[in-house]
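Undergrad: Sequence:
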Amino acid sequence: MKKTQLFIALIICIGTACTPKKSGGIVVFQTDFGLKDGAVSAMKGVATGVDPDLKLYDLTHEIPAYNIWEGAYRLQQTAPFWPAGTVFVSVVDPGVGTSRKSVVLKTKTGHYFVTPDNGTLTLIAQSLGIESIREINEELNRRKNSQASYTFHGRDVYAYTGARLAAGVISFEQVGRELSPAVVTIPYQKAVVQGDSILGNIPILDVQYGNIWTNINDSIFKVLHVEPKEKVEVNINRNGILVFDEDVEFVHTFGDVPQGKTLAYLNSLMNFSLAINMGNMADSFHINSGAEWNIVV
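Each residue of the sequence shown is one higher than the one before, counting from 29 in the working numbering.
Calculated directly from the structure, the hints in this document are not laboratory data. Quick caveat: nothing in here was measured; it's all calculated off a predicted structure. You may find that some hints are simply not true.
Unchecked claim - The following label-pair restraints were derived from C-beta to C-beta distances:
hint, residue 1, residue 2, range
1, Ser160, Gly283, 42 to 48 Å
2, Pro286, Gly73, 49 to 55 Å
3, Leu168, Arg128, 15 to 21 Å
What the hints assert, rightly or not - Below are the SDA-like pairs computed for lysine to any residue, each with C-alpha atoms no more than 25 Å apart in a straight line:
hint, residue 1, residue 2
4, Lys72, Gly196
5, Lys289, Glu261
6, Lys257, Asn267
7, Lys259, Pro215
8, Lys129, Pro215
9, Lys129, Pro80
10, Lys172, Tyr85
11, Lys218, Tyr293
12, Lys218, Gln104
13, Lys259, Gly223
14, Lys64, Gly123
15, Lys257, Asn295
16, Lys218, Phe109
17, Lys64, Thr179
18, Lys250, Val220
19, Lys259, Asp311
20, Lys289, Asn229
21, Lys257, Ile226
22, Lys218, Val324
23, Lys134, Thr213
24, Lys218, Asn245
25, Lys129, Gly196
26, Lys250, Ser225
27, Lys250, Gln104
28, Lys172, Arg128
29, Lys136, Tyr216
30, Lys83, Tyr216
31, Lys72, Val197
32, Lys218, Asp275
33, Lys257, Tyr216
34, Lys218, Ser155
35, Lys218, Ser247
36, Lys129, Asp81
37, Lys257, Ile269
38, Lys134, Asn165
Backbone N, C-alpha and C fix where the C-beta goes; we use that ideal spot for every residue, glycine too.
Using the sequences plus the hints, can you model the full thing?
TA: Spelled out as structure tokens, the structure:
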């Protein structure tokens with residue numbers, strides 16, 4: 029009799045309470061909301077309501093308002109350093125409530141990106157590759173009783189769907205219908221060799237210090253055969269209008285030149301960059317970043 033009861037208890041345990049709960053996954057949030065109000069906290073509250081064991085992190089909430097391009101860059105800058113399975117919720121959404129698609133992209137590296145398909149995925153799709161894209165089915169993957177709200181999909185759709193995916197409440201296939209493997213893209217100048225020069229783009233600034241970061245990686249830069257302490261000719265233009273034209277010394281790090289001097293170097297992402305030692309190059313030369321800012325080295 030005791031053996032029978034033990035067997036029945038074991039069956040119940042395996043099927044229900046004794047089955048280990050799937051540990052909470054990782055969700056990384058990015059927005060242009062800032063932290064002056066409760067918007068980001070509300071998104072995290074929704075995610076925590078889905079699963080209190082989720083690990084919630086911030087990429088940044090200081091994307092300039094409506095700047096989809098910068099949101100795209102920050103995802104590319106950061107995502108490769110997170111483990112496969114991480115879910116990124118990125119909300120830079122000037123078209124909120126309109127017909128733009130809400131999607132989840134799974135990359136070939138196993139990362140997930142929950143976001144409006146408005147250009148935010150431009151760089152991630154190229155660098156990490158598209159495994160599959162699904163459109164969020166809001167009838168199934170939307171916070172309960174939020175259908176009357178049209179202006180906070182970050183809370184009601186993206187944070188909710190991202191949390192459910194990270195927690196294992198839904199599978200990727202349950203996000204919604206599969207779309208063709210392509211995303212809305214923002215056109216920009218890719219880094220290419222042209223004769224004895226390299227053409228590239230200034231996708232972002234090292235904003236704290238005003239350094240100029242380009243998309244010219246070390247492999248491409250090597251074709252110029254520039255040695256440390258040699259100078260390179262640098263032209264920067266915005267929409268074809270010349271903004272900067274100087275010969276700049278290429279060095280390993282900032283302290284290799286005197287304070288106040290302009291320098292060229294490879295940044296922490298191994299991309300060709302420009303700076304002023306102990307100064308702000310972007311402010312000094314009125315240089316900014318974005319798809320319309322290009323460079324010739």
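Undergrad: Look at each hint and say if it fits the structure.
TA: Each hint tested on the structure:
{"no.": "1", "hint": "Ser160 <-> Gly283: 42 to 48 Å", "in the structure": "47 Å, holds"}
{"no.": "2", "hint": "Pro286 <-> Gly73: 49 to 55 Å", "in the structure": "51 Å, holds"}
{"no.": "3", "hint": "Leu168 <-> Arg128: 15 to 21 Å", "in the structure": "19 Å, holds"}
{"no.": "4", "hint": "Lys72 <-> Gly196", "in the structure": "17 Å, holds"}
{"no.": "5", "hint": "Lys289 <-> Glu261", "in the structure": "15 Å, holds"}
{"no.": "6", "hint": "Lys257 <-> Asn267", "in the structure": "31 Å, violated"}
{"no.": "7", "hint": "Lys259 <-> Pro215", "in the structure": "30 Å, violated"}
{"no.": "8", "hint": "Lys129 <-> Pro215", "in the structure": "19 Å, holds"}
{"no.": "9", "hint": "Lys129 <-> Pro80", "in the structure": "28 Å, violated"}
{"no.": "10", "hint": "Lys172 <-> Tyr85", "in the structure": "24 Å, holds"}
{"no.": "11", "hint": "Lys218 <-> Tyr293", "in the structure": "19 Å, holds"}
{"no.": "12", "hint": "Lys218 <-> Gln104", "in the structure": "15 Å, holds"}
{"no.": "13", "hint": "Lys259 <-> Gly223", "in the structure": "18 Å, holds"}
{"no.": "14", "hint": "Lys64 <-> Gly123", "in the structure": "22 Å, holds"}
{"no.": "15", "hint": "Lys257 <-> Asn295", "in the structure": "16 Å, holds"}
{"no.": "16", "hint": "Lys218 <-> Phe109", "in the structure": "23 Å, holds"}
{"no.": "17", "hint": "Lys64 <-> Thr179", "in the structure": "18 Å, holds"}
{"no.": "18", "hint": "Lys250 <-> Val220", "in the structure": "12 Å, holds"}
{"no.": "19", "hint": "Lys259 <-> Asp311", "in the structure": "22 Å, holds"}
{"no.": "20", "hint": "Lys289 <-> Asn229", "in the structure": "23 Å, holds"}
{"no.": "21", "hint": "Lys257 <-> Ile226", "in the structure": "19 Å, holds"}
{"no.": "22", "hint": "Lys218 <-> Val324", "in the structure": "12 Å, holds"}
{"no.": "23", "hint": "Lys134 <-> Thr213", "in the structure": "16 Å, holds"}
{"no.": "24", "hint": "Lys218 <-> Asn245", "in the structure": "11 Å, holds"}
{"no.": "25", "hint": "Lys129 <-> Gly196", "in the structure": "23 Å, holds"}
{"no.": "26", "hint": "Lys250 <-> Ser225", "in the structure": "11 Å, holds"}
{"no.": "27", "hint": "Lys250 <-> Gln104", "in the structure": "22 Å, holds"}
{"no.": "28", "hint": "Lys172 <-> Arg128", "in the structure": "22 Å, holds"}
{"no.": "29", "hint": "Lys136 <-> Tyr216", "in the structure": "23 Å, holds"}
{"no.": "30", "hint": "Lys83 <-> Tyr216", "in the structure": "35 Å, violated"}
{"no.": "31", "hint": "Lys72 <-> Val197", "in the structure": "17 Å, holds"}
{"no.": "32", "hint": "Lys218 <-> Asp275", "in the structure": "22 Å, holds"}
{"no.": "33", "hint": "Lys257 <-> Tyr216", "in the structure": "31 Å, violated"}
{"no.": "34", "hint": "Lys218 <-> Ser155", "in the structure": "12 Å, holds"}
{"no.": "35", "hint": "Lys218 <-> Ser247", "in the structure": "14 Å, holds"}
{"no.": "36", "hint": "Lys129 <-> Asp81", "in the structure": "29 Å, violated"}
{"no.": "37", "hint": "Lys257 <-> Ile269", "in the structure": "29 Å, violated"}
{"no.": "38", "hint": "Lys134 <-> Asn165", "in the structure": "16 Å, holds"}
Of the numbered hints given earlier, the model fails hints 6, 7, 9, 30, 33, 36 and 37; all others are met.
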